[in-house]
Amino acid sequence: MKKIKTVEEFKELVSSIEAKGYKKPLGFGIAKVDRGQLNYDLILQANFPVINWDENFGSASVFLEALVKSGVEVDFSGSEFVSSINKKFVKFAYKAFYSFLDSAIGDAHKNVQVINMLKWISEDIKLSDYKIVFIFEDDAPKSVESVYLKLYALSSGKAGLRSLNLNGAFGVLPNVAWSGREPIELEWLRVNEIELKLLGEYPTIDSVDKFPRYLSHIIPAQNTRILDSSKVRMGAQLAAGTTVMPGASYINFNAGTTGAVMVEGRISSSAIVAKGSDVGGGASILGVLSGTNGNPVGIGENTLLGANSVTGIPLGDGCIVDAGIAILEGTKIAVTSSQLAKIKEVNPDFTYKTSDEIQFFKGLELSGMNGIHFRQNSTNGMIQALRSQREVVLNEELH
Amino acid sequence: MKKIKTVEEFKELVSSIEAKGYKKPLGFGIAKVDRGQLNYDLILQANFPVINWDENFGSASVFLEALVKSGVEVDFSGSEFVSSINKKFVKFAYKAFYSFLDSAIGDAHKNVQVINMLKWISEDIKLSDYKIVFIFEDDAPKSVESVYLKLYALSSGKAGLRSLNLNGAFGVLPNVAWSGREPIELEWLRVNEIELKLLGEYPTIDSVDKFPRYLSHIIPAQNTRILDSSKVRMGAQLAAGTTVMPGASYINFNAGTTGAVMVEGRISSSAIVAKGSDVGGGASILGVLSGTNGNPVGIGENTLLGANSVTGIPLGDGCIVDAGIAILEGTKIAVTSSQLAKIKEVNPDFTYKTSDEIQFFKGLELSGMNGIHFRQNSTNGMIQALRSQREVVLNEELH
Amino acid sequence: MKKIKTVEEFKELVSSIEAKGYKKPLGFGIAKVDRGQLNYDLILQANFPVINWDENFGSASVFLEALVKSGVEVDFSGSEFVSSINKKFVKFAYKAFYSFLDSAIGDAHKNVQVINMLKWISEDIKLSDYKIVFIFEDDAPKSVESVYLKLYALSSGKAGLRSLNLNGAFGVLPNVAWSGREPIELEWLRVNEIELKLLGEYPTIDSVDKFPRYLSHIIPAQNTRILDSSKVRMGAQLAAGTTVMPGASYINFNAGTTGAVMVEGRISSSAIVAKGSDVGGGASILGVLSGTNGNPVGIGENTLLGANSVTGIPLGDGCIVDAGIAILEGTKIAVTSSQLAKIKEVNPDFTYKTSDEIQFFKGLELSGMNGIHFRQNSTNGMIQALRSQREVVLNEELH
Chain U
1 MKKIKTVEEF KELVSSIEAK GYKKPLGFGI AKVDRGQLNY DLILQANFPV
51 INWDENFGSA SVFLEALVKS GVEVDFSGSE FVSSINKKFV KFAYKAFYSF
101 LDSAIGDAHK NVQVINMLKW ISEDIKLSDY KIVFIFEDDA PKSVESVYLK
151 LYALSSGKAG LRSLNLNGAF GVLPNVAWSG REPIELEWLR VNEIELKLLG
201 EYPTIDSVDK FPRYLSHIIP AQNTRILDSS KVRMGAQLAA GTTVMPGASY
251 INFNAGTTGA VMVEGRISSS AIVAKGSDVG GGASILGVLS GTNGNPVGIG
301 ENTLLGANSV TGIPLGDGCI VDAGIAILEG TKIAVTSSQL AKIKEVNPDF
351 TYKTSDEIQF FKGLELSGMN GIHFRQNSTN GMIQALRSQR EVVLNEELH
Chain P
1 MKKIKTVEEF KELVSSIEAK GYKKPLGFGI AKVDRGQLNY DLILQANFPV
51 INWDENFGSA SVFLEALVKS GVEVDFSGSE FVSSINKKFV KFAYKAFYSF
101 LDSAIGDAHK NVQVINMLKW ISEDIKLSDY KIVFIFEDDA PKSVESVYLK
151 LYALSSGKAG LRSLNLNGAF GVLPNVAWSG REPIELEWLR VNEIELKLLG
201 EYPTIDSVDK FPRYLSHIIP AQNTRILDSS KVRMGAQLAA GTTVMPGASY
251 INFNAGTTGA VMVEGRISSS AIVAKGSDVG GGASILGVLS GTNGNPVGIG
301 ENTLLGANSV TGIPLGDGCI VDAGIAILEG TKIAVTSSQL AKIKEVNPDF
351 TYKTSDEIQF FKGLELSGMN GIHFRQNSTN GMIQALRSQR EVVLNEELH
Chain F
1 MKKIKTVEEF KELVSSIEAK GYKKPLGFGI AKVDRGQLNY DLILQANFPV
51 INWDENFGSA SVFLEALVKS GVEVDFSGSE FVSSINKKFV KFAYKAFYSF
101 LDSAIGDAHK NVQVINMLKW ISEDIKLSDY KIVFIFEDDA PKSVESVYLK
151 LYALSSGKAG LRSLNLNGAF GVLPNVAWSG REPIELEWLR VNEIELKLLG
201 EYPTIDSVDK FPRYLSHIIP AQNTRILDSS KVRMGAQLAA GTTVMPGASY
251 INFNAGTTGA VMVEGRISSS AIVAKGSDVG GGASILGVLS GTNGNPVGIG
301 ENTLLGANSV TGIPLGDGCI VDAGIAILEG TKIAVTSSQL AKIKEVNPDF
351 TYKTSDEIQF FKGLELSGMN GIHFRQNSTN GMIQALRSQR EVVLNEELH
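Chains as they are written, first to last, in my numbering: chain U, 1 to 399; chain P, 1 to 399; chain F, 1 to 399.
Check the hints yourself; a few may be wrong.
The list cannot tell twin chains apart, which means a pair is met if one copy fits it or any two copies do.
Computed cross-link-like contacts, DSSO-like style, restricted to lysine-lysine with a CA-CA straight-line distance of at most 30 Å [as the list claims (entries may be wrong)]: (1) Lys210 with Lys158; (2) Lys88 with Lys197; (3) Lys210 with Lys197; (4) Lys142 with Lys197; (5) Lys362 with Lys210; (6) Lys131 with Lys197; (7) Lys197 with Lys110.
FYI, nobody ran anything at the bench for these hints, they're computed from the structure.
Bound conformation, chain U alone (with noise of 0.2 Å):
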């Protein structure tokens, strides 16, 4: 193929390529991959530059011509496919984006960027570290690249929260030691302790997991802080003008923020909170690998739960978990009637018996109700709900 030197050629390409039926992929992108230390076939880690979701077909046909023209035999038969690449593949690719390598630069044509700086590799190395992927159904992830093809999906913020089918990515995944962003199989380090130990090398490892560390992979945004990179783990999603702060917190993949909050405590696996709440102190809030019976837990917007408090249910916009309590499914909860009243204001839709004084509900029954301040009575010990003096800013439209 020559060179396409023009933008209309580029177009005709991608149709001619198009026409012949590939299938548009949800996502894809280049990875240089880590292999095990002992097993090379083990792939560790795929450290992805770029990374396209639902968008850059016209890129996408192009990898996938590459590939054909480069002698792969592109199988789309299944949900993802995983190849390497050669020579052959950057030559075309490279040839195919001739048009965009001057433009190509910032976050311009970052795929284009990608072929450049592997077309100037391969004049060096060879290129059996880089591995292209393409998941074209969202089905349980096959392979270490499509689950890190995820993992950078929902933490570069491109899919949302929850909306990725990662089933059995921990079975994918291989469990290895990290010394920084390095992966090492366990099992290496085992057949070489003595010699690097005695040899004084033995490295400093950092972590024993399945998953990076989202700092080893992902550049927040401007505004964002994370004062301890063991707390986030990859997969998890930071909006930015987060915060999250070294005492007690966590964020687990699948969960996150979508909105600036601060973050001192733990949103598991699941858990999303949205924007100007604050997660106090050792604050723990369940996910559906721990508690919640497989009902993910939302925090609406403007909602503090209080230093070392548990909430296990969702909740709206403007709550308060007071410190040190725990609001469950199964929590009773004590209202009076007048306090019914005014949190009936910012909650529309919400509909109670208004027989009694008092009215006990289960935290299952007041999940993902705005402008309630959860509080433990220390007079009496009861567990009650009132009307938060936090502000809750209701769509108009919606009621």
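Chain U is fixed; fit chains P and F onto it per the hints.
Relative to the frame of chain U, chains P and F by itself:
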């Protein structure tokens, strides 16, 4: 200028400089600065080998004169002054300090040691990464360098906690990625992400924050232990003998201990804990940024905060807050009249009405008092205050 | 001595050595030691590639004889003996182990592998940083090397938790700064601070502690995960399948798990958790150093400690402590007579008086019992114990 060969001559030099009317600085020091990888003029971190706080005015005079002689126009009109230094500056200071060179070793004449080392460095490399910082008035800091000088003053114990004006420090400090002690501009990572990841050279990022860690700049006392460097922010102050465990602990800047304290919980910004006290696993001492309405929390001596307890009020000496309970400013606390009498024994100034068998106080009303045991009655949920079993040593001179 | 070329000859050699009356050691091993940067004789850390605990007495004999033959006067009268080794020592051991050299690979003949590697090392460098350590009696350790040998015995699982005498270990170990795995004398940092900071060579300090981290010395089982190395101290023991999350967890030395356990909270020194149990986010198991009056806390199988709960008493199998509550030795706990009957079903030895509808127990009285659900009634604040819904598998042979 000739070399100053005797201490007398040095004193004469200092007098002659002081006669010029230079302002005495509150603090000063020479730092090696880390500059932005993209933006050379952006200071990311200032590393002070030595700081001076309300001391060593002779050295200050020499440094100010050295600046003037090396061609710098020193502005005494502001609250602080930051300047680059050059070979001439170092030469002047070296000659001025000449009589101290031999004895400048260990803890003696540290400013002289700095100049001696800079003289040696300046023979090979330019001094463009070295800056001198003077703080003349304790106003809101205006530069990264002066923020760092104040953080050093706090963390070295040369200035008392809560004694310095750090207003606006968050606005002055840039938010950076930390790879070990090295600060990296987030934008530099963004610009170079593709190259770094494809070449396998993406750095290990340990945190993203405006502040560095305490242990990146401060050498603790021989009997102080910090089991995880992420747990103590630069600007915290730790008295000798303090132990910071790695579970759920955190000590923010402008917070810390004034004696040997066991820390397994959170000491929020502005909170101070005195000797012999124990901040239990997961315990939270609220700070002015997180729920005490600007009323900074001090914890007295020999006080015990139980595991997962929360304290939002100042406590005196010899108190106990039981595991798992929260004592906030508004918490209603029951005290029996007999316990009130015992509590008054260790709080002679405490006045209360002796009417009912049980009286209720708000947390705020009991703040700062000695010898109180806060507990929750497990048979009826009532939060109660008793005279604690811990020793309270009253200062007899005061009463 | 000639090379020992058959296993029979080796056995004869061992018998002839044992006939000399050497004491059998409880534990022994050869370590590479890290020495003080200022104080050469101060041992900062001992790195054992292999340890022997109540095993491999033939190797012990060879090593003792090799010491004697290399000119060391071995003192068998104390509880432990630490010695430097030299080329002669290695040569003797090498010849003695000669018949095993070919098969010393992988898990086989690890002491032989150590000697083989030392022979290779000794061709180029002096052996001054290698030491051999024997522990003859389980007395209070007297050297850094013997403390490390005991910590290795615990963390490798070769010795049971709580089974070893570590009295005075805190006094024996020096407090050092850790830069990755490298221990650094704090005084060395102090002496070199000016030079290191001005040259930009100040090291990254990860912690300051007497103990290293577990992952600096121990390779966990393939299915064990430790998401943050700071969370597990050397001397802890983790059974295969244990997961340690990074939020608020911590496992101290001489504490840990005896089966696959999910750890998101604190397991204090001397506390032990059995298989299938779950230490929830921020949960605290108190240790003998922190509030249990010397009564070490064991947690049985399949027991759940809720988020931010606190446990100060031992628990049996199949228990639940609800999120956010504290069960201490003195906590008064209400149990109804019908629940008492159900609790007795899984605690056949439990005796109680069946008088009132509700009886109160102190936490200590319910310690170690199976199948108990501790909760706080949210309508009246009462701490209650019920028969839990978790499975308890009673050992029928015992009852």
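Evaluation of the provided hints:
no.: 1; hint: Lys210 with Lys158; verdict: both (22 Å within a copy, 27 Å between copies)
no.: 2; hint: Lys88 with Lys197; verdict: between (44 Å within a copy, 21 Å between copies)
no.: 3; hint: Lys210 with Lys197; verdict: both (25 Å within a copy, 20 Å between copies)
no.: 4; hint: Lys142 with Lys197; verdict: between (37 Å within a copy, 23 Å between copies)
no.: 5; hint: Lys362 with Lys210; verdict: neither (37 Å within a copy, 43 Å between copies)
no.: 6; hint: Lys131 with Lys197; verdict: between (34 Å within a copy, 13 Å between copies)
no.: 7; hint: Lys197 with Lys110; verdict: between (43 Å within a copy, 13 Å between copies)
Hint compliance for this structure: hint 5 alone is broken.
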